[in-house]
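Residue numbers (numbering that gives the first Met the number 0), protein chains in the order written: chain A, 0 to 321; chain B, 0 to 319.
Any given hint could turn out to be false.
[Unchecked claim] With the C-beta cut set under 7 Å, the calculated list includes, among others, these residues of chain B facing chain A:
1. 56
2. 61
3. 64
4. 67
5. 91
6. 92
7. 98
8. 136
9. 160
10. 240
[Stated by the list, open to error] Take a look, some chain A residues computed to stay more than 12 Å from chain B by CB distance:
11. 30
12. 98
13. 107
14. 195
15. 320
[Stated by the list, open to error] With a straight-line cut-off of 30 Å between C-alpha atoms, the simulated DSBU-like cross-links for lysine-lysine are:
16. 46/B / 107/A
17. 274/A / 256/A
18. 274/B / 247/B
19. 231/A / 35/B
20. 231/A / 46/B
21. 231/A / 27/A
22. 154/B / 189/B
23. 27/A / 274/A
24. 265/A / 185/A
25. 265/A / 107/A
26. 107/A / 189/B
27. 265/A / 296/A
Keep in mind that the hints were calculated from the coordinates and are not lab data. Everything numeric in this text was worked out from a predicted model, so none of it was measured. The beta-carbon is built from N, C-alpha and C at its ideal position, and this holds for glycine as well.
As a plain string of letters, each chain reads:
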Amino acid sequence: MTTVESIVDRSVTQKLETMLLIRTFEEKSAELKAAGHSPSMCTSVGQEASAVGVISALDERDLILTNHRSAGHLLARGADPNRVMAEIHGKATGYCGGKSGSLHISVKEIGVILTSTIVGGELSLATGVGLSLQMLEMQGIATVFFGDGAATEGIFHESVNLAAVWDLPVLYVCENNQWQAYVHRKETMRIDHISEWGARYGIRTATVDGNDVEAVAAAARDAVAYIRETGKPFLLETYTYRLRGHMEPDDQAYVDKEELSRWRSKDPITALERKLVTDGVLTATELAAMKETVRKKVEAAAQFAITSPYPTLDQLTAGVYA
Amino acid sequence: MTTNMITPDQAMVDGLAEEMRRDPRVITFGEGTATKHYELVEEFGRKRVRNTPLAEGIIAGTAAGAAATGLRPVVDLLFAPFLTFAMEELVNSAGKLRFISGGQFSFPMVAIARTGAGWAVGGQHNHNIESWFVHSPGIKVVMPSTAADFKGLMKSAIRDENPVMFFADIGLLHTPGEVPEGDNVVPIGKAALRREGSDVSLISYGKTVGKCLEAANLLLAEGISAEVIDLRSLKPLDEAGVLSSVLKTGRAVVVHEASGICGVGAEVAAIIAEKAFSQLKAPVVRITGPDAPPAASYPLEQAFVPQPDRIAAAARRICA
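Can you make the complete structure from the sequences, with help from the hints?
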């Protein structure tokens, strides 16, 4: 079995490689959708630093709950790109045997569990995972990724409040990407930061530049240390931007061009590449080689997904009941 | 076997307490759970017996998340109409995520909800919505009619690896009934033959089982022998138990308090029509509550419930 420790290299170059893997993987997924190879999916392009930074602060005891925009969290935690891509394509070799598709992929063996595509669903389950970790003395932290859209739902407030009163070891990670499907955040809330709401429930919170992977990693390490020490929940808001549309394909005709271009100039990957090359951590040649490695990995995943078999029809009703 | 006279309300708690003794993973929480059951708090402590906010969504979601990661929660959601706040967590998460995840997770949890006429509480506390969950994949549904079954089905529900909806009929909760002592587990999916008869099968669950038994007495005086089947478990439904009775009598009256449209009775009638049609001596009849919210006013509340005279009249008609 793959272990989390064997995969999560916490060096900054490894972070960049993982971010590149996520970006390349998701752009390939969108391309395959456009070519008619797979159903639609939701990408997290622009949010890679959030996924990689937070997950770099976790260890093998910790459990992760994610949502419909999950490829970044899965790949950052060390999921096999072949099997994630196969799942997106509804193939038998996918992590859920093709029954999930792109929207609710869970990979129990690496602790990515109970993925829900119902916006807010992951928040309702996270408290239960926190309760198990607490009562069964499993030492881990339940980390739940959700967006600003989920934060406008009642279940967000129910979840944070219960975690606060029961002192549950839950790390709430709000990836505030400014978009709630096809509606801009500013149309649905009067505040700018979800961390303000979290603080009202009596828990500790922080907001961090979600496009700066090292800043996210540092904030997540602090949050994780606090939860391990106190057993109490923490809300970390990663302030970022969804650079592609809600669901592929999406022409983003509804997006303010000026805003989009402003955030494109803050792309977390190009910023990090520039920094590492300028600082002499990576040469241009090494960066090119890294991109080539990632490209080959993603091409192999695409081939694996396309050539894998679909589930057999006996799977139609298999596993509904235990 | 020694039996004690216990109310169904207490029998449920006794079943829960026995399972908590048996398995340290069993925990219980809900709105006022720790306040109402201080005896459970005393025996098992505040960690395993908890009060919650008045928020059914997070109660049910927390149960589902905990069930998938090693605990076996029993949650009290109080009244069935409150389940509308928990549908997402029960139906989309607990019911579906086992299948969707390719079998990576199971959800061994029980959700209790009270419903039915009896307390004159009106349509936002009384609404028999058990069929909604029968229509939801991955979820089992039970609705007992006797004190012994309240306890025995609670024990089975807690031991089950699937989410189980436990509907408790308000009208039955405080009338004591015989409960056998000891580890008496009632299997989910098995109907009970409450009275043997040869002319007509009265098929029901919950409080209308008692109404069917009263109807059977009325019918006996007229020389009609009615059999009474208590489904107890609505999903899985004991198809063989239903069919063996109807194949014997050739007639069926299906009775429940929930409204008739797309109710459990429609499913029972369809099974009989599909699998016992050639043996039927008369059309299957349903006697159910109306398509209306139950009123609070006592006479209207009681009139919502199929009563023995209505059930007997239906049986008489098809036995004529």
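We went through each hint and held it up to the structure:
no. : hint          : in the structure
1   : 56            : holds (5 Å)
2   : 61            : holds (4 Å)
3   : 64            : holds (2 Å)
4   : 67            : holds (6 Å)
5   : 91            : holds (5 Å)
6   : 92            : holds (6 Å)
7   : 98            : holds (5 Å)
8   : 136           : holds (5 Å)
9   : 160           : holds (3 Å)
10  : 240           : violated (19 Å)
11  : 30            : holds (26 Å)
12  : 98            : violated (5 Å)
13  : 107           : violated (4 Å)
14  : 195           : holds (21 Å)
15  : 320           : violated (5 Å)
16  : 46/B / 107/A  : holds (27 Å)
17  : 274/A / 256/A : holds (26 Å)
18  : 274/B / 247/B : holds (13 Å)
19  : 231/A / 35/B  : holds (27 Å)
20  : 231/A / 46/B  : holds (16 Å)
21  : 231/A / 27/A  : violated (39 Å)
22  : 154/B / 189/B : holds (14 Å)
23  : 27/A / 274/A  : holds (26 Å)
24  : 265/A / 185/A : holds (20 Å)
25  : 265/A / 107/A : violated (34 Å)
26  : 107/A / 189/B : violated (34 Å)
27  : 265/A / 296/A : holds (26 Å)
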